[in-house]
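J.: Okay, here's what each chain looks like letter by letter:
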Amino acid sequence: MEDILLLDSIERYLTNAMLPEEKAYFEQLRKDTPEIDQMVVEHKLFLQQMDAYTGHRNLKHFLHESHARLLEKGDINEDGVVRTKGKLVQFYHKYKKVTAIAASIAGFTALTISVLVAYLTPSVNKSQIQQLNGAIDQIKKVQQIQNKKISELNSSIPKDVKVISSGTAFLIDNKGYLVTNAHVLKGSGAIVVNNKGQEFIAKIVNIDQTRDLAILKIDDNTYKPSGSLPYSIKKGNIELGEELYTLGYPKDEIVYNMGYLSAESGFDGDTASCQISLSANPGNSGGPVFNKNGEIVGILSTRQTSAEGVVFAIKAKGIYKMIDELKKSDSTLQKIKVPANNSSLKGIDRVKQIQQVEDYVFLVKAYNQQ
Amino acid sequence: MPPKNFLKIFLLPFWVTFTPHLILKVVFKVRSDSNEQLLLKGLANNDAKAIDTIYKDNFNVVQAFVLNNNGSYDEARDVFQEAVIALYEKSKDESFVLTCQIRTYLFSISRRLWLRRLSQIGRHSAQIDGLEDTIPVEEDMEIHEKRNAEFSMMDRAFNSLGEPCKSILESYYIQKKDMTEIAQSFGYTNSDNAKNQKYKCLMRLKKLFFAQYNIGE
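Protein chains in written order, with this note's numbering: chain A, 3 to 372; chain B, 19 to 235.
Please note: incorrect hints may appear among the correct ones.
Stated by the list, open to error - Mimicking SDA-like on lysine to any residue, the simulated pairs with C-alpha atoms at most 25 angstroms apart in a straight line are:
| # | chain 1 | residue 1 | chain 2 | residue 2 |
| --- | --- | --- | --- | --- |
| 1 | A | K25 | A | G57 |
| 2 | A | K219 | A | L242 |
| 3 | B | K110 | A | K25 |
| 4 | A | K98 | B | V79 |
| 5 | A | K62 | B | L136 |
Said to hold, decoys possible - Ranges of calculated distance between the beta carbons of each label pair, as one might list FRET restraints:
| # | chain 1 | residue 1 | chain 2 | residue 2 | range |
| --- | --- | --- | --- | --- | --- |
| 6 | A | E37 | B | K195 | 57 to 63 angstroms |
| 7 | B | F114 | A | E80 | 19 to 25 angstroms |
| 8 | A | E4 | B | K184 | 21 to 27 angstroms |
| 9 | A | L122 | B | C118 | 44 to 50 angstroms |
| 10 | A | T17 | B | Q119 | 19 to 25 angstroms |
| 11 | A | Q50 | B | N53 | 27 to 33 angstroms |
To be verified - Okay, the calculated bits of chain A under chain B, using three or more residues with CB under 8 angstroms as the criterion:
| # | region |
| --- | --- |
| 12 | 5-16 |
| 13 | 212-225 |
| 14 | 239-251 |
Worth flagging that the hints you see were computed from the coordinates, not collected in a lab. Just so you know, these numbers come straight off a predicted model, no measurement behind them. In this text, a Cβ means the ideal position worked out from N, Cα and C, and glycines have one as well.
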């Protein structure tokens, strides 16, 4: 019972419910008896805890109410669909203002600067430059007209035809017989051009698709047979590793390339051809392959697309075989004499060899009548 | 063109673009700051309107975070409410000034709470962070944990008290009812008897509470 009375006093003291005299008395009591003082402190702490507890509990209650209320109003929701936006959308929403401002600043600055540049740039030079341009244009036009006239005068290509493929050919007989690849002669007719740019009309004598070889004959009065061919065409085999070179027309100008025999058989083990390591381009087809003595040992025909620098050449033996077969069937070809062993190039250096040989290597343009 | 003029023309677009923006920003910041202080005050006084506003403005972000990180709707609600309670505890302190936005504070606390809960129950998730700002809240978390522990001590003490003690004490200390009112509703003949009963109950509650409190200490 005294405990209860004491508790009551402490509580009234702590809540300031005591009368002044009572309070003074109690404070004196507190001073005199440490137990009571301790009880007061303890109770004070407890009441604080109670207060905190009360606040906490009430807030929990309010929060629940708030939650229910907002849920009902639809300000928040808890239905099955997760209504969160994707990262990108969140990003967009967060930075759209910044982006818009940045973009407009950038736009404005760019505009201002370009206006300033346009305004400040000295504008005197412009007309001068343009005049110069005009002059160049005029010169160009004149050139074009001249070029046209020149080509009208000189071109042996019949009009209204279309060149569909080009390649390389070389003389095997100074009477005007040339060898090239069958695949070069895709069209109905052909002309040949020598390294000086002279064009001659050529007649297709024979196309051997299986060997991929063809014979052309220059059929043009402007062609003057030169002396005997400087090179010979070699029947024998080529040795592995032997140094080889070729001349051809991958562009309108004669091009030299050098390599070596890398395999004695050609694509897929074809023994009629051989493999050469050399860089070649479309247009090299039909070009002669020379050894270091200036003897023709093959005709460049194809390259492997899957590997760099691997090309195939038909062995020169194939020319002899084809001509032998032709001679049997066509008496007009009896006259063809392939130079077998009178190469005059042996022992002279490469540059001199080429100088002598290049006149006998021709650009072939095959065309189709339209 | 004289260089002075040139400079003026060059700087004009920047002035035009930036200045109004900066002014607006400052004005809005001041306004939103005072708004936030009002909200905090409201929260400290358990003002329903303030609580609703805080709830409405911040719940969705926290909910999205919890849901995206392996949580349920109920868990999202619990986490958010706990964060509000942490903010409430801070706002009770007179000297407290919030150094960041309410939104940032609530999100940071919620995020910490949820990540901790995830690791406690061993439900890990590849953490998806939104693009919300966060602030370090470790210290606040510790204070909050302590408060939480005290709260559950008191809660346990209350719950093991038994009736009618629990109801009487709740009526007096939590609902702040008058002693005569309590006497009437509980059927005591006079308020002194009710008071006696209340003190008996209080002594038991104190005993129960301090038993845990001292162990806890």
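J.: What hint numbers does the structure not satisfy?
T.: 1, 2, 3, 6, 7, 10, 13, 14
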